[in-house]
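For the protein sequence lines, the chains are A and B, in the order given.
With my numbering, the residue at position 93 of the first sequence is 93, and numbering never jumps.
With my numbering, the residue at position 121 of the second sequence is 121, and numbering never jumps.
Be a bit skeptical, because a hint or two may be false.
Cut-off 30 Å, straight-line C-alpha distance, at most; resulting in silico cross-link-like pairs (DSSO-like, lysine-lysine) [to be verified]: (1) Lys150(B) x Lys150(A); (2) Lys116(A) x Lys74(A); (3) Lys150(A) x Lys184(B); (4) Lys184(A) x Lys150(A); (5) Lys12(A) x Lys76(B); (6) Lys47(B) x Lys12(A); (7) Lys12(B) x Lys47(A); (8) Lys150(A) x Lys190(B); (9) Lys184(A) x Lys150(B); (10) Lys47(B) x Lys76(B).
Source of the hints: derived by calculation from the structure; they are not laboratory data.
Note that the structure is a prediction, hence the values are computed from the model and not measured.
There are 2 protein chains.
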Amino acid sequence: MNMKSDSAMRPKILVTVDVVLLTVDLESSLSDGLRVGLIRRDAAPYKGALALPGGYVHPEEDENTAAAACRVLKTKAGKAVRYLEQLATFSGPSRDPRGWSVSVCYVALEDRETMKQWPADLLARVDALPPLAFDHATLIGAAVERLRNKASYSALPVFLLPDTFTLSELQDLYGRLLGTPLDKSSFRRKVRELGFVEEVPGAFKGGQNRPAQLYRAKEMTTFDRTI
Amino acid sequence: MNMKSDSAMRPKILVTVDVVLLTVDLESSLSDGLRVGLIRRDAAPYKGALALPGGYVHPEEDENTAAAACRVLKTKAGKAVRYLEQLATFSGPSRDPRGWSVSVCYVALEDRETMKQWPADLLARVDALPPLAFDHATLIGAAVERLRNKASYSALPVFLLPDTFTLSELQDLYGRLLGTPLDKSSFRRKVRELGFVEEVPGAFKGGQNRPAQLYRAKEMTTFDRTI
Numbered sequence: 001m002n003m004k005s006d007s008a009m010r011p012k013i014l015v016t017v018d019v020v021l022l023t024v025d026l027e028s029s030l031s032d033g034l035r036v037g038l039i040r041r042d043a044a045p046y047k048g049a050l051a052l053p054g055g056y057v058h059p060e061e062d063e064n065t066a067a068a069a070c071r072v073l074k075t076k077a078g079k080a081v082r083y084l085e086q087l088a089t090f091s092g093p094s095r096d097p098r099g100w101s102v103s104v105c106y107v108a109l110e111d112r113e114t115m116k117q118w119p120a121d122l123l124a125r126v127d128a129l130p131p132l133a134f135d136h137a138t139l140i141g142a143a144v145e146r147l148r149n150k151a152s153y154s155a156l157p158v159f160l161l162p163d164t165f166t167l168s169e170l171q172d173l174y175g176r177l178l179g180t181p182l183d184k185s186s187f188r189r190k191v192r193e194l195g196f197v198e199e200v201p202g203a204f205k206g207g208q209n210r211p212a213q214l215y216r217a218k219e220m221t222t223f224d225r226t227i
Numbered sequence: 001m002n003m004k005s006d007s008a009m010r011p012k013i014l015v016t017v018d019v020v021l022l023t024v025d026l027e028s029s030l031s032d033g034l035r036v037g038l039i040r041r042d043a044a045p046y047k048g049a050l051a052l053p054g055g056y057v058h059p060e061e062d063e064n065t066a067a068a069a070c071r072v073l074k075t076k077a078g079k080a081v082r083y084l085e086q087l088a089t090f091s092g093p094s095r096d097p098r099g100w101s102v103s104v105c106y107v108a109l110e111d112r113e114t115m116k117q118w119p120a121d122l123l124a125r126v127d128a129l130p131p132l133a134f135d136h137a138t139l140i141g142a143a144v145e146r147l148r149n150k151a152s153y154s155a156l157p158v159f160l161l162p163d164t165f166t167l168s169e170l171q172d173l174y175g176r177l178l179g180t181p182l183d184k185s186s187f188r189r190k191v192r193e194l195g196f197v198e199e200v201p202g203a204f205k206g207g208q209n210r211p212a213q214l215y216r217a218k219e220m221t222t223f224d225r226t227i
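If we strip away everything but chain A, and leave its shape as in the complex, we get (with noise of 0.2 Å):
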């Protein structure tokens, strides 16, 4: 049938998908305190080598992409996402050296006390990166980018808390990622504007003379398994 024999000329493409997992230490007085999850490689290429969570699509078992990310994530680094977004997809003969390969590629968040779970030696600095395979420091900077642009118009770093946060917490964060130390008076009437938080009732954080208010996100933004 021609269908079949124009399926069979065409080259092979290998086509994968990587996560770029996310999150903050903000106990950290390091630069911004953002890391990123790494695993290190137990087969070739780059055997050895430290990478993102990645891994082929297997189409007889994914729904779509987003679900082989999810397997991925869940079957390397024993993870379940708690939010994933699609980033970005990454191509060309170089960038895997079994052959032109498209990379499917996927930001998740997660809040640092979760990824205390992570191997430490394998949570890095995004702004002082081991060699990592493939090209995916070119894949882990977009990212940032991305959550570094979505922090100042959108509820999504909020995924980068716990449940239960208080609101200097939110605002080291946002300030974190947007490089820069917000006003307290302003970030908290900016808050209210957008309203995507409320106080979590009779939930209160920190010691007896002035515990701290707990909030918690209204209505998290839903994740589009579609794509």
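Since the structure of chain A is provided, determine the placement of chain B on it from the hints.
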């Protein structure tokens, strides 16, 4: 060799690109004037149906998927690209009857004058799309959403205008994309603040009585051909 047999065992995934070519007809009083350039498919599947310009990635000649998108526009539509941006990648077992497929989708922008070369019956209103092949209506919806979102914070829409334009035309365009008529003086203040257009010295448009100053984009947004 191990790598080779692993690669031979993996089921084949179809890798394609699709381009959502958008323009705005500022003379149209029908809705927002947004139009998308379509082609009529000359081969199965969906032979004879309307579709986005698209096609297989050719690893032997394409440097990356962006280059494939440029090639597709050139060969399927005789069209050089003025502005191209990667939108998102759509994938899954059901979107193409030939098998599990990945389509890296791009948005291209063009001014209405140039698009007059496109066959008029293949330039569809985005708010009244005809039946389309594959999931192409979904791709168009995502492209229009991206364009509208960017209208609120970037100079990107200038790619929908000819090289020179009046401030009234620019205001009309942004108003159409944002879905609301804009106030003249606050729009002009905003444009001055953003500083992305400049006067074309001595160039005016319109009648003898009140000719309007022509403007041009100061520095076109760079266009990343690496993804």
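Outcome of the hint check:
1. Between Lys150(B) and Lys150(A) the CA atoms are separated by roughly 12 Å; this keeps the pair inside 30 Å, and the hint holds.
2. At roughly 16 Å between alpha-carbon atoms, Lys116(A) and Lys74(A) fall within 30 Å of each other, so this suggested pair holds.
3. Between Lys150(A) and Lys184(B) the alpha-carbon distance is near 29 Å, which keeps this suggested pair within the 30 Å criterion.
4. Annotation: proposed proximity of Lys184(A) to Lys150(A) holds, straight-line Cα distance about 20 Å (limit 30 Å).
5. Between Lys12(A) and Lys76(B), the direct Cα distance comes to roughly 23 Å. Compliance with the 30 Å bound is thereby established for this hinted pair.
6. Of the supplied pair hints, the one linking Lys47(B) and Lys12(A) holds, its CA atoms being roughly 25 Å apart against a limit of 30 Å.
7. Distance restraint check for Lys12(B) and Lys47(A): the Cα-Cα separation of roughly 25 Å lies within the 30 Å cut-off, and the hinted pair is therefore satisfied.
8. Of the pairs offered as hints, the one joining Lys150(A) and Lys190(B) holds, with about 21 Å between alpha carbons and a cut-off of 30 Å not exceeded.
9. Restraint check for Lys184(A) and Lys150(B): satisfied, since their Cα atoms lie roughly 29 Å apart, inside the 30 Å limit.
10. For a cut-off of 30 Å, the pair hint linking Lys47(B) to Lys76(B) stands: about 15 Å separates their Cα positions.
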